[in-house]
Amino acid sequence: MRNFIKWITSAKVNKVLCIITFMFVPLALLTVFTYIPFGKMIGFSFYDMKYIGDREFVGLKNYAEVFSRDDCFKALKLSLYYIAASFVQLGLALYFATLLSFKTKGGGIFKGLMFFPYLVCGIAVGFIFKFFYTRGFVLDTVLQWCGFNLDNLPYWLKDTSINNISVAATSVWRYMGQNMVLFIGAIMSVDAEMYEAAAIDGAGGWQKFRYIIFPSISTIIVLNLILAITGSLSVFEPPYVITGGNFGTGTYFVIMDKLAHASQKVGLASAMAIVLLVIILIATLLQKLFFRYFIGEGEHEAIRAVRKRKKREALAAAGNGGVQS
Amino acid sequence: MNKAKMKKLLWAIVKYATLVFGSFVSVLPVVVCVITAFKSPEEYAETNVMTLPKSWTYFENFVQAWKQANMALAFRNSIIILICVLFFSILTGSMLAYVLNRFKFPGNGLIRNLFLFASLLPGIAMQVSVYQIMYSLGWINSLFGYIVLMCGTDVISIYIFIQFFENISVSLDEAAIMDGCTYFGVFFRILLPLLKPAIITVMILKGVGVYNEYYMANLYLQNKNSFVTVATSLFKFTGPLGNQYNYICAGVILTMLPALIVFILCQKQIYGGLAQGAVKG
Chain Z
1 MRNFIKWITS AKVNKVLCII TFMFVPLALL TVFTYIPFGK MIGFSFYDMK
51 YIGDREFVGL KNYAEVFSRD DCFKALKLSL YYIAASFVQL GLALYFATLL
101 SFKTKGGGIF KGLMFFPYLV CGIAVGFIFK FFYTRGFVLD TVLQWCGFNL
151 DNLPYWLKDT SINNISVAAT SVWRYMGQNM VLFIGAIMSV DAEMYEAAAI
201 DGAGGWQKFR YIIFPSISTI IVLNLILAIT GSLSVFEPPY VITGGNFGTG
251 TYFVIMDKLA HASQKVGLAS AMAIVLLVII LIATLLQKLF FRYFIGEGEH
301 EAIRAVRKRK KREALAAAGN GGVQS
Chain D
1 MNKAKMKKLL WAIVKYATLV FGSFVSVLPV VVCVITAFKS PEEYAETNVM
51 TLPKSWTYFE NFVQAWKQAN MALAFRNSII ILICVLFFSI LTGSMLAYVL
101 NRFKFPGNGL IRNLFLFASL LPGIAMQVSV YQIMYSLGWI NSLFGYIVLM
151 CGTDVISIYI FIQFFENISV SLDEAAIMDG CTYFGVFFRI LLPLLKPAII
201 TVMILKGVGV YNEYYMANLY LQNKNSFVTV ATSLFKFTGP LGNQYNYICA
251 GVILTMLPAL IVFILCQKQI YGGLAQGAVK G
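Residue numbers (my numbering), protein chains in the order written: chain Z, 1 to 325; chain D, 1 to 281.
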């Protein structure tokens, strides 16, 4: 009898014990390094404060400043460069992924060479491109080989008409290969029989791309396009490591970082973070709705498809009815 | 027929030309770095950056970069950080995934959503207030503090583990429980060994991230004399050394070497891991 009680409690107790112990560390870390800071940040955004010393409650003044200062909210317009860059990046990635998923001599080497930049540390990328863009150095030399005159070339990182493009291009350089590998993975997961069937039907390369590859990976493409938009709002690394945000290349987060850690305007920086977070949340929500409507999520069918089907069914039913009567 | 052949040939030319061009652009910035790293200071000052070095055995720049950036210490610290972070984050991440996947309990969905929401919070922005917490914990300039901070589980690893658990039959657990195994035993003796492919994937994804992480390392390990990491060792080259690109390039190459070696050795796993991380990420 005693053993029986022991047995019943131990199994249950064991389960509860397991749940608690296994979740304790990750949840503790999540609380301490994500949710407590998140809560604190919301609090900070209402104060005029530094990391150490007195703080003064200022209400919504920080938020007003985010929208009125020249260097804060307006920095978000630089995101357009990065959105454009990520579209170029995805286009190139899709192109090379398609090429490399067909039989290609030396395909592995091309893939490796184009992928490797992804593994380079951010700081190293910064140095590599500072060097690359320096007056008379790598890029200028290559362009001179192509017949350009050095005097007609801009200062890639200082000229405000071009430097944002130069910086955004480095992120294409770094992440194109990674996107390409993702796309190759998605293309490879398409059933090989589809290609064989298409080949028998006499489909050429373009037709294979248009009718087999593209439709089967359109979800991952759309997903990446959407991620590119939210990613572009929070760009930090390329300008931070290459120009330090000087010469008008300071994106929203670069400026926030400067305000927080160099000028110690913690309240203002927190308000900036919260504002962008709200924008990102709204964007994410819209993406979710978009996905649910057009593509469908997991097991669920897309709402648009369901509607179309229902409409068709209704029409068919009405048509049948018409014939019968 | 002839026309079709022409078309095919033309397409092949376009295809390989673009591939070569793409690869050229991808490696050019790095190749120039290698070239520059082998030039003596005089040679660097006199020749064009694209001119090949006189000697490919001039290692002085590497020696200098190694010394000036204190890379021996940097590699030691990075290895310690990498081993600790990978070990603990994989252990805790897989444990969490096990609980979330195998047990139904109130709060299961909430916890998943908490991790998902956390992934939306931009990490850089969060450091504004995380800094204050690290400060009050006394974890500024503490390797331990930095490691703990980096051990936080990210949603992608959890999803990779959960996905993997979904493909392991629950009957395996049940049979073990019948045989008198505890839930802890089920995890450590039966499931953890089966989880190897997922662990490798997470190791690669997380490993690349941790090895290259420099923002938080710079923020929380400010004392570069004792807490430099491989990524932050390069900060040494900003400031007065900012124009001596022969040293800088040598330093850059040195930090890139481990990544290059790992990449050459486990290309397949890296590609596979990325593809897997993307499906859910």
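None of these hints come from the bench; they were simulated from the model. Predicted model only: the values in this text are computed from it and were never measured. Even for Gly, the Cβ is constructed at its ideal location relative to N, Cα and C. A few of these clues could be false.
[Said to hold, decoys possible] Using 35 Å as the maximum straight-line C-alpha spacing, the simulated DSBU-like pairs for lysine-lysine come out as follows:
id, chain 1, residue 1, chain 2, residue 2
1, D, K236, Z, K130
2, Z, K105, D, K196
3, Z, K258, D, K3
4, D, K7, Z, K12
5, Z, K61, Z, K310
6, Z, K40, D, K67
7, Z, K288, D, K268
8, D, K8, Z, K50
9, D, K3, Z, K77
10, D, K224, Z, K12
11, D, K5, Z, K208
12, D, K236, Z, K103
13, Z, K105, D, K3
14, D, K15, Z, K130
15, Z, K103, Z, K12
16, D, K236, Z, K258
17, Z, K40, Z, K74
18, D, K8, Z, K208
19, Z, K208, D, K224
20, Z, K288, Z, K208
[Stated by the list, open to error] Stretches of chain D that chain Z covers, calculated by requiring three or more beta carbons in the stretch to come under 8 Å of a beta carbon on chain Z:
id, stretch
21, 10-18
22, 70-81
23, 98-111
24, 129-141
25, 206-214
26, 222-232
27, 253-259
A quick look at each hint next to the structure:
no., hint, verdict
1, D:K236 - Z:K130, "holds, 15 Å"
2, Z:K105 - D:K196, "holds, 33 Å"
3, Z:K258 - D:K3, "violated, 61 Å"
4, D:K7 - Z:K12, "violated, 71 Å"
5, Z:K61 - Z:K310, "violated, 52 Å"
6, Z:K40 - D:K67, "violated, 41 Å"
7, Z:K288 - D:K268, "holds, 32 Å"
8, D:K8 - Z:K50, "violated, 67 Å"
9, D:K3 - Z:K77, "violated, 49 Å"
10, D:K224 - Z:K12, "violated, 51 Å"
11, D:K5 - Z:K208, "holds, 19 Å"
12, D:K236 - Z:K103, "violated, 46 Å"
13, Z:K105 - D:K3, "holds, 24 Å"
14, D:K15 - Z:K130, "holds, 31 Å"
15, Z:K103 - Z:K12, "violated, 57 Å"
16, D:K236 - Z:K258, "holds, 20 Å"
17, Z:K40 - Z:K74, "holds, 25 Å"
18, D:K8 - Z:K208, "holds, 15 Å"
19, Z:K208 - D:K224, "violated, 55 Å"
20, Z:K288 - Z:K208, "holds, 30 Å"
21, 10-18, "holds (count 4)"
22, 70-81, "violated (count 0)"
23, 98-111, "holds (count 5)"
24, 129-141, "holds (count 6)"
25, 206-214, "holds (count 4)"
26, 222-232, "holds (count 3)"
27, 253-259, "holds (count 3)"
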